[in-house]
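Since the structure of chain A is provided, determine the placement of chain R on it from the hints.
Top line first, the protein sequences correspond to chains A and R. Letter 134 of the first sequence, counting from 1, is numbered 134 in our numbering, and no numbers are missing. Letter 27 of the second sequence, counting from 1, is numbered 1027 in our numbering, and no numbers are missing.
Each hint should be verified, as a subset may be incorrect.
What the hints assert, rightly or not - Think about it this way: if two alpha-carbon atoms lie no more than 25 Å apart in a straight line, the pair counts; the simulated SDA-like pairs of lysine to any residue are:
1) K111(A) / K1103(R)
2) K1133(R) / V1080(R)
3) K68(A) / N1200(R)
4) K132(A) / K1133(R)
5) K1103(R) / S26(A)
6) K115(A) / L1193(R)
7) K28(A) / K130(A)
8) K74(A) / V1100(R)
9) K1154(R) / L1068(R)
10) K123(A) / S186(A)
11) K130(A) / Y1254(R)
12) K74(A) / V1090(R)
13) K74(A) / S26(A)
14) K123(A) / G187(A)
15) K74(A) / L1091(R)
16) K134(A) / R1030(R)
17) K123(A) / G140(A)
18) K30(A) / K132(A)
19) K74(A) / G1198(R)
20) K111(A) / I1173(R)
21) K68(A) / I58(A)
22) K134(A) / H1172(R)
23) K111(A) / L1091(R)
24) K1103(R) / N1200(R)
25) K130(A) / N1200(R)
26) K1055(R) / H1172(R)
Unchecked claim - Heads up, incomplete: computed chain A residues facing chain R, CB under 10 Å, no partners named:
27) G54
28) I58
29) K74
30) H76
31) I78
32) A79
33) Y85
34) T95
35) M150
36) T154
No lab work stands behind these hints: they were computed from the structure. Every residue gets a Cβ at the ideal spot worked out from N, C-alpha and C, and that includes glycine.
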Amino acid sequence: MPEIALEVRNIIAGYVPDLPILRGVSIKVKSGSLNVVIGPNGAGKSTLIKAIVGLVSISEGHVLLRGKEMYGIKPHLIASYGISYVPQIDNIFRTLTVRQNLELALRSSGKNANKRLTELLEKFPILSGKLKEKAGALSGGQRQFLAVAMALSTYPDIILMDEPSAGLAPKAAQEILEMLRDLTNSGVSILLIEQNVNQALRLADYCYILAEGRNQVDGKASELLNNSIVGEIYLGGKRLRAGA
Amino acid sequence: MIQHLLDGILVGSILSLGAIGLTMVMHILRFANFSHAELLSIGAYVALVFDKMFKVTMPLMANEIGPLSMTWALILSIIVSMVFTAASAVLFDRLVFRRVREKGEELSMVFASFGLSLIVRNLIGLIFGLSTKLYSKDIVFATVLSRDPLLVVKLDQLATFTITLVLMLVIHIVLSRTTFGYSLRAVGENPELAQVNGINLQRTLIVVWIIGGGLAAVAGVFYGLNNQINPMIGRDLVLPVFAATIVGGIGSVYGALLGGIIVGLASNLALSILPSGYSPSVPFIIILAVLLIRPNGLFGEARA
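Chain A extracted, bound-state conformation (with noise of 0.2 Å):
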C-alpha cells in the first residue's frame, strides 16, 4: 500500500471571511502517483490548490504533507516543506531570464544550486538553449517545461499544477500531461487541475470531481472514463465519448 504524500480533509475556505468557496472538499493523493481534479468553473478547483498553499485562508479542516498538519504555513515556506505550486498560465516570471527564473527557483539551494540546475536543464533539454531568452519569449509548451522545472528546482514530494494544458496546442499539451506522467515515475506526486479532462483521465491514476465547493464522485481515473453516468453529468457525455 503506498504511503498518503498529501492528505486534505474536510476543508472550509474562501477569499473572503463568511463565504466559504470550499465547503468540505477532501483528497488523497498517494506518493508517485498521478492525480487529476475535474469540474465545472467556479467549483472551486483553483481555490482548492491556493487553500493548500496558504494563498487562500482555510477556516477548518486540515492539510497534512506525509502526515504532517500544513495548516498556518506561510506560502513563502510551504515549498520548502515540499509542496510546489504552479499556476495557471502566469507561471514564470516573464521579464526574467530563463536562467534568472531558474536561479531564483534555486536560491535556497545554497552550494546544490549548480548540480540541481544541471540536473534539471537535463531533464528538460528543451530549455538549455534558451537560457538567455526572456522567459516571456518561450512558447507556451515551453513556459510550462520552465515552470515545471522551477517546481522541480526544491526536489518536492508533490507538485500542484492548475490546468497546464491551458491555451496551449493539442499536441504541446499531449507532451506536457505525458511529461508529468513521467514524472510520478521519479516519486514525486502529481495533483493537477485539468479542463482537457478525456486527455487528463488517460494519463492519472485517480480523479476527484468537485462541484459547488464539495467533493461529488471520486475514483480510479479509468474507471471514470468508462462511466457514462458520471461522463454524462460531470465529463460533457458524449463529447467524451467521442473522443475515446
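Here is chain R on its own, set in the frame of chain A:
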C-alpha cells in the same frame, strides 16, 4: 540650447533617483504614492541637520572637497540621511500604508498618501521654518566649458551627476546579476508566484521602502545642493518625479532612469521657448502625452 540640454540632463538625473523608488513602490504595492516626494524633502533636511552637526563637532570635516562646495561633512550626512529617510519610509508603511492596505483599496492608499504628504510637509515647515536654507553659503562659481556658445556648469552639478550614475550602475548590477535583484523584479511582476517560489513578500516590501527611501534622500540632498532647501521641495518635485515614473513605465527601474532625464530635458528645453513661469507645466504635458500615446510608458508592460 546646449546649455539647456546640459542642465536638463543634470536635473533629470536627480529626478531619476527619486523616480526609481517611486516606480518600485507603485509597481509592487500598486498605488500612486503622492508622499514619495516628501521623502526627498526629509532627506534634504536630515542631511542639513547632520551637516551642521558634523561641521561643529568635527571641524576637519568642514573642509571642502577640492573645488566643490560639497564638504566631507555633507557626504557623511548624506549617508546618515539615507538611513533616516529609509527608516521614515518603513515607518510610514507600518503606521499608515500597511493598515490602509489591510482594510481598504488602492484608492484609499492614494488618498492616505496625499494626507501623509501634507502632514510631513507641514511638520517640516513647523520644525525648520518656511525660509529657504542652503548647505553652503559660499558663492559657487560655475566653470566655463565654452565661451561660444556660452556653456557653464557648476562642479557640484557634475559631482552629483557622477554619484547618481554610480548609484544607477549599482542598482543595475544588483537587479541584473544577483538573485536578490531577481527576487525584487519577481515580486514586482507577480507577487503570488514570487511567494510560492520562496520569496518572503513582507520582507521584500520593507527592502523596497528602504531602497526607495535611501535613493530619495540622495535625490533630496542633491536637489538642495543645486537649488535651495525649503519645505516645498516635496510639492515642487512630486509632479516631475511622477512624470519620470510614468514616462519610463511603472515598475521599470531603467524606465525611471530615462524618464527622469527626459522630464529634466523637456523642462529645461521649454525654458528656451516658454516664459520660465510655464516650465512647471511641462511635466503635466508629458504625463498627458505618454498616457495618450503609450499608456504603459517606454519600458512598462500592460498588466492585469
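For each hint, the structure was consulted:
{"no.": "1", "hint": "K111(A) / K1103(R)", "result": "violated, 42 Å"}
{"no.": "2", "hint": "K1133(R) / V1080(R)", "result": "holds, 19 Å"}
{"no.": "3", "hint": "K68(A) / N1200(R)", "result": "holds, 22 Å"}
{"no.": "4", "hint": "K132(A) / K1133(R)", "result": "violated, 51 Å"}
{"no.": "5", "hint": "K1103(R) / S26(A)", "result": "violated, 32 Å"}
{"no.": "6", "hint": "K115(A) / L1193(R)", "result": "holds, 24 Å"}
{"no.": "7", "hint": "K28(A) / K130(A)", "result": "violated, 37 Å"}
{"no.": "8", "hint": "K74(A) / V1100(R)", "result": "holds, 22 Å"}
{"no.": "9", "hint": "K1154(R) / L1068(R)", "result": "holds, 9 Å"}
{"no.": "10", "hint": "K123(A) / S186(A)", "result": "holds, 12 Å"}
{"no.": "11", "hint": "K130(A) / Y1254(R)", "result": "holds, 24 Å"}
{"no.": "12", "hint": "K74(A) / V1090(R)", "result": "holds, 22 Å"}
{"no.": "13", "hint": "K74(A) / S26(A)", "result": "holds, 21 Å"}
{"no.": "14", "hint": "K123(A) / G187(A)", "result": "holds, 15 Å"}
{"no.": "15", "hint": "K74(A) / L1091(R)", "result": "holds, 24 Å"}
{"no.": "16", "hint": "K134(A) / R1030(R)", "result": "holds, 24 Å"}
{"no.": "17", "hint": "K123(A) / G140(A)", "result": "holds, 18 Å"}
{"no.": "18", "hint": "K30(A) / K132(A)", "result": "violated, 37 Å"}
{"no.": "19", "hint": "K74(A) / G1198(R)", "result": "holds, 10 Å"}
{"no.": "20", "hint": "K111(A) / I1173(R)", "result": "holds, 22 Å"}
{"no.": "21", "hint": "K68(A) / I58(A)", "result": "holds, 16 Å"}
{"no.": "22", "hint": "K134(A) / H1172(R)", "result": "holds, 17 Å"}
{"no.": "23", "hint": "K111(A) / L1091(R)", "result": "violated, 36 Å"}
{"no.": "24", "hint": "K1103(R) / N1200(R)", "result": "holds, 21 Å"}
{"no.": "25", "hint": "K130(A) / N1200(R)", "result": "violated, 28 Å"}
{"no.": "26", "hint": "K1055(R) / H1172(R)", "result": "violated, 34 Å"}
{"no.": "27", "hint": "G54", "result": "holds, 9 Å"}
{"no.": "28", "hint": "I58", "result": "violated, 16 Å"}
{"no.": "29", "hint": "K74", "result": "holds, 8 Å"}
{"no.": "30", "hint": "H76", "result": "holds, 5 Å"}
{"no.": "31", "hint": "I78", "result": "holds, 7 Å"}
{"no.": "32", "hint": "A79", "result": "holds, 5 Å"}
{"no.": "33", "hint": "Y85", "result": "holds, 4 Å"}
{"no.": "34", "hint": "T95", "result": "holds, 6 Å"}
{"no.": "35", "hint": "M150", "result": "holds, 7 Å"}
{"no.": "36", "hint": "T154", "result": "holds, 8 Å"}
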